[in-house]
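First to last, the sequence lines map onto chains A and B.
Okay, so the first sequence: first residue is 68 according to the working numbering, each after it adds one.
Okay, so the second sequence: first residue is 68 according to the working numbering, each after it adds one.
Do not take every clue at face value.
Which bits of chain B does chain A cover? Going by a derived footprint, with three or more residues having C-beta under 8 Å, they are [what the hints assert, rightly or not]:
hint, stretch
1, 108-116
2, 230-240
Some, not all, of what chain B presents toward chain A, calculated at C-beta under 10 Å [what the hints assert, rightly or not]:
hint, residue
3, Arg94
4, Asn98
5, Ser101
6, Lys200
7, Gln203
8, Arg204
9, Glu225
10, Gly246
11, Leu249
Bear in mind the hints are in silico, worked out from the structure with no lab data behind them.
We treat Cβ as the ideally placed atom computed from N, Cα and C, and that holds for glycine.
There are 2 protein chains.
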Amino acid sequence: MARLKRPLAQAPPRQRILHAARDLFYREGINAVSVEAIAATAGTNKMTLYRHFSSRDELVAAYLTELAAEGEGVWEAARAAHPGDPDAQLRFLLRQVSQFAAQSSGRGCALANAAVELAERKHPARRIVEAHKRRQRERLVALVREAGYARPERVADELFLLVEGARVSLQSVGREGPGSRLYALAEALLDSAPKKKSVKA
Amino acid sequence: MARLKRPLAQAPPRQRILHAARDLFYREGINAVSVEAIAATAGTNKMTLYRHFSSRDELVAAYLTELAAEGEGVWEAARAAHPGDPDAQLRFLLRQVSQFAAQSSGRGCALANAAVELAERKHPARRIVEAHKRRQRERLVALVREAGYARPERVADELFLLVEGARVSLQSVGREGPGSRLYALAEALLDSAPKKKSVKA
DNA sequence: AAGCGATGTTACGCATCAGTACCATCGATG
DNA sequence: CATCGATGGTACTGATGCGTAACATCGCTT
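The whole structure should be built from the sequences, with the hints applied where relevant.
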């Protein structure tokens with residue numbers, strides 16, 4: 068159904084640029100990367116870059132939008148892996164996030180990092196990050212509720228903070244820190260959280 | 068014992084500069100503030116700034132060092148407020164952090180933000196942040212252990228991640244998000260955490 | 001082969017910023 | 001009053017970065 072993935076070297080420029088931007092923005096920080104560096108990494112030049120993105124900020128926005136979309140994908144993967152079993156979906160998600168945190172380059176969540184780097188509260192990129200994080204949290208609450216836990220908001224918020232905390236702390240205490248134990252902590256939390264007496268259908 | 072605090076306007080330049088840097092670095096982000104802006108906010112100029120700090124990076128380092136030192140102060144305050152009662156000290160600390168998070172400008176932990184902004188792993192400022200965060204975590208583990216909880220590392224790591232998560236998430240989901248409920252979550256965690264049978268003296 | 005759109009290349013203009021040189025000023029101390 | 005150190009003020013250099021102009025080229029369609 069989908070087209071074959073051409074080797075990136077001969078993919079269309081827009082794709083190469085986004086790929087390069089993603090790599091550099093994440094590893095070196097959004098504000099530390101010049102458009103020239105992105106274009107060069109993408110095997111093209113500034114001019115072509117500006118033919119696809121009207122400004123640097125728009126490229127940043129595209130970068131964040133792409134990441135947010137992939138974040139959505141994990142939820143679908145969880146549904147697909149454990150259809151009809153919200154508790155298993157929950158643990159699947161936590162496992163995914165933990166694995167990513169453990170093996171990542173220690174730069175944490177790119178979306179959250181962007182919110183830190185782009186401090187101006189009116190920056191368009193912030194809206195993308197905020198919308199994504201809020202949606203994630205709402206979905207988490209819904210999933211925890213579906214899984215039948217009592218006080219779903221509380222459990223979801225604890226999980227949410229654990230996950231966010233694990234990702235940031237990678238950058239300060241490193242990979243041997245508590246971030247690496249995220250899954251164990253989250254699972255223990257779930258295992259000890261009381262389930263609601265199933266009153267509803 | 069300490070000298071009277073002169074009104075900041077006529078304090079020595081170094082102090083005014085650090086104060087201005089602190090304000091601007093925190094609110095607008097380290098990379099988004101020029102030394103000119105700092106000097107102007109401090110009511111002086113670039114030249115005087117460079118007579119007190121040999122480079123911009125050194126000013127950043129001084130800024131982070133100051134923050135780290137104040138972070139240490141909270142631990143002393145906790146000891147002073149509840150001497151000999153580690154469990155109360157723990158809750159005191161969590162309350163402090165929660166209050167800060169709830170009423171802050173939503174920019175989270177300045178140290179953690181610095182680690183995000185200064186992505187180069189060899190950057191001198193990173194060492195300050197890493198050392199500080201590690202020390203915080205070690206102290207937390209020690210305090211949780213003193214308070215007699217079973218599995219102190221696990222409890223401390225959960226608390227650590229909750230706190231770090233609350234601070235970052237302020238920037239993405241805002242103040243109405245789970246960050247505002249940090250103290251309730253942390254307290255519930257402590258209340259439900261089992262205590263160790265006191266075997267030791 | 002002719003034409004055309006997308007891409008590559010080079011060179012700009014304009015702004016910002018870190019860091020410095022140079023000189024003026026002010027305040028305490030002798 | 002004279003001196004000297006610390007500070008204020010201005011102007012500069014060198015570097016970097018965003019965004020654009022103008023032109024060359026390549027590939028695909030007709």
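Q: Check each numbered hint from earlier against the structure, then list the numbers of those it violates in ascending order.
A: 1, 5
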